[in-house]
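Given these sequences and hints, build the entire structure.
Residue numbers (this note's numbering), protein chains in the order written: chain A, 20 to 227; chain B, 20 to 227.
Derived from the structure by calculation, the hints contain no laboratory data.
These numbers come from a predicted model, not from an experiment.
Check each hint, because a few of them may be wrong.
When chains are identical, the list treats them as one kind, so a pair holds in a single copy or across two.
As the list claims (entries may be wrong) - Pairs of lysine to any residue residues, derived as SDA-like cross-links and limited to a Cα-Cα distance of at most 20 Å, are as follows:
1) K111 x Y204
2) K154 x I42
3) K188 x M61
4) K154 x L52
5) K71 x E59
6) K71 x M61
7) K77 x V196
8) K71 x Q60
9) K77 x L55
10) K111 x V196
11) K111 x E30
12) K188 x Y78
13) K111 x Y78
Protein chains: 2
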Amino acid sequence: MELQYASTLLETAVDKLSQLPGIGRKTALRLALHILRQDEQMGVALGDAIIKLRQGIKYCRSCHNISETDLCPICANPSRDASTICVVESVKDVISVENTNQFNGLYHVLGGVISPMEGVGPEQLQIASLVERVKAGGINEVILALSATMEGETTNFYIYRQLAPFDVKITQLARGVAVGNEIEYIDEITLGRSLVNRTLFSDSFADK
Amino acid sequence: MELQYASTLLETAVDKLSQLPGIGRKTALRLALHILRQDEQMGVALGDAIIKLRQGIKYCRSCHNISETDLCPICANPSRDASTICVVESVKDVISVENTNQFNGLYHVLGGVISPMEGVGPEQLQIASLVERVKAGGINEVILALSATMEGETTNFYIYRQLAPFDVKITQLARGVAVGNEIEYIDEITLGRSLVNRTLFSDSFADK
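Rendered as structure tokens:
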């Protein structure tokens with residue numbers, strides 16, 4: 020068979036690009052041709068950034084967030100509140116919580132949630148190291164910030180039981196009506212929970 | 020300001036990825052985190068393929084298609100009909116025409132179409148080299164396979180005038196109803212042209 024793209028270099032680049040999520044062969048070809056149209060420097064910088072990313076990134080030995088150093092910048096920052104740990108599924112969730120500017124504690128990245136369907140048990144997640152951190156002392160509160168799915172709830176409950184022997188407050192994200200949601204389209208469980216957990220209206224503007 | 024992603028490596032990779040067309044910062048972050056989750060080998064291969072693509076690709080000295088060699092595999096293929104040249108805008112169009120399996124001649128990649136609005140004149144395109152190829156002799160037909168836009172038509176006409184002095188047949192892609200199109204939604208010009216250029220119905224299944 021003849022080469023589809025008249026060049027093995029292009030063929031290889033399209034192959035590799037189309038292995039990325041959400042990128043099919045057509046998009047991959049468009050990206051590759053775009054790279055060819057740009058300055059050589061720009062294409063090389065992109066390739067280089069990807070290689071360096073993959074080879075240079077380590078994981079924080081304390082919270083398992085990505086890091087270039089043994090301890091990530093968040094864990095190493097003395098101005099953060101080391102007595103509060105926010106438990107999240109992934110590196111992406113750390114970024115999401117950071118972007119809220121509402122949290123000044125430390126994180127613990129589990130690397131997923133318990134999911135028997137996908138063969139993920141507690142031992143595949145960073146739960147034991149979370150227990151170690153709490154056991155070591157100095158932690159007042161563990162905030163469970165996992166998805167409000169069955170897997171997330173299961174994981175919450177599992178962690179809750181693991182941490183029960185220790186003197187630590189365990190909280191979870193408030194369940195309720197998402198900002199911008201119309202009542203008409205909200206599921207009954209969320210609506211029910213947000214009724215039970217209703218807050219003082221004056222609290223909603225007290226901090227403004 | 021603190022780093023948004025807790026890692027300059029991640030920050031750089033997201034920056035570079037988000038310079039690609041159709042990829043915003045959110046998608047770039049998703050791609051970067053995907054690369055981190057994969058085998059190291061896979062990420063390095065992707066970066067490497069991009070660098071090699073950008074550094075290794077040359078352009079065919081005859082048709083200006085991308086190539087790894089002085090003459091591209093299509094131009095160098097002795098079983099192709101060197102007397103017919105299909106003029107296209109871009110490398111991508113070569114791939115599209117190749118994929119039809121309806122063409123066995125050679126190509127000429129212009130690198131765009133004449134567009135005064137975008138400051139593209141004939142001298143920015145590979146038109147002079149097309150004239151040279153025809154002048155050199157041995158060409159029976161030049162097929163104009165440019166977009167059916169005003170810019171494409173202008174370019175067609177410009178090339179037509181440039182090639183008029185030479186003894187060469189100049190054709191263009193048939194204009195007509197695209198396969199799958201409903202008559203109700205077709206513009207009048209296309210419909211008019213496809214009426215004028217109607218073909219024998221028996222021809223449509225003669226080659227099956």
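Status of M61 relative to K188 across identical chains (alpha carbons, at most 20 Å):
Result: close neither inside a copy nor across copies, 50 Å intra and 42 Å inter.
How would you label the pair K111, Y204 (within, between, both, or neither) given a Cα cut-off of 20 Å?
Intra 27 Å, inter 45 Å, cutoff 20 Å: neither.
* To do: Tell me, please, which holds for K77 and L55 at an alpha-carbon limit of 20 Å: within, between, both or neither?
  => Between copies, since 10 Å is at most 20 Å while 31 Å is not.
message: With identical chains, the pair K71 and Q60 could be close in the same copy or across copies; at 20 Å between alpha carbons, which is it: within, between, both, or neither?
response: both (16 Å within a copy, 12 Å between copies)
- Message: Within, between, both or neither: how does the pair K154, L52 come out at a Cα-Cα threshold of 20 Å?
- Response: Intra 54 Å, inter 31 Å, cutoff 20 Å: neither.
Can you tell me if K154 and I42 fall within 20 Å by alpha carbon in one copy, between copies, both or neither? neither (44 Å within a copy, 43 Å between copies)
Alpha-carbon proximity between K111 and Y78, which holds within one copy, between copies, both or neither at 20 Å:
within (14 Å within a copy, 41 Å between copies)
Original post:
How do K77 and V196 come out at 20 Å by Cα distance, when the copy is not named: within, between, both, or neither?
Top reply: neither (37 Å within a copy, 57 Å between copies)
Q.
Cα distance capped at 20 Å. Does K71 pair with E59 within a copy, between copies, both, or neither?
A. both (18 Å within a copy, 10 Å between copies)
Intra- versus inter-copy proximity for M61 and K71 (alpha-carbon distance at most 20 Å): This pair counts as both: shortest intra-copy Cα distance 15 Å, inter-copy 13 Å.
>> At most 20 Å between alpha carbons: which applies to K188 and Y78, within, between, both or neither?
In response: This pair counts as neither: shortest intra-copy Cα distance 27 Å, inter-copy 66 Å.
(request) Tell me, please, which holds for K111 and V196 at an alpha-carbon limit of 20 Å: within, between, both or neither? (result) Neither: 23 Å inside a copy, 48 Å across copies.
Violation of the numbered hints given earlier is confined to hints 1, 2, 3, 4, 7, 10 and 12; the remaining hints are satisfied by the structure.
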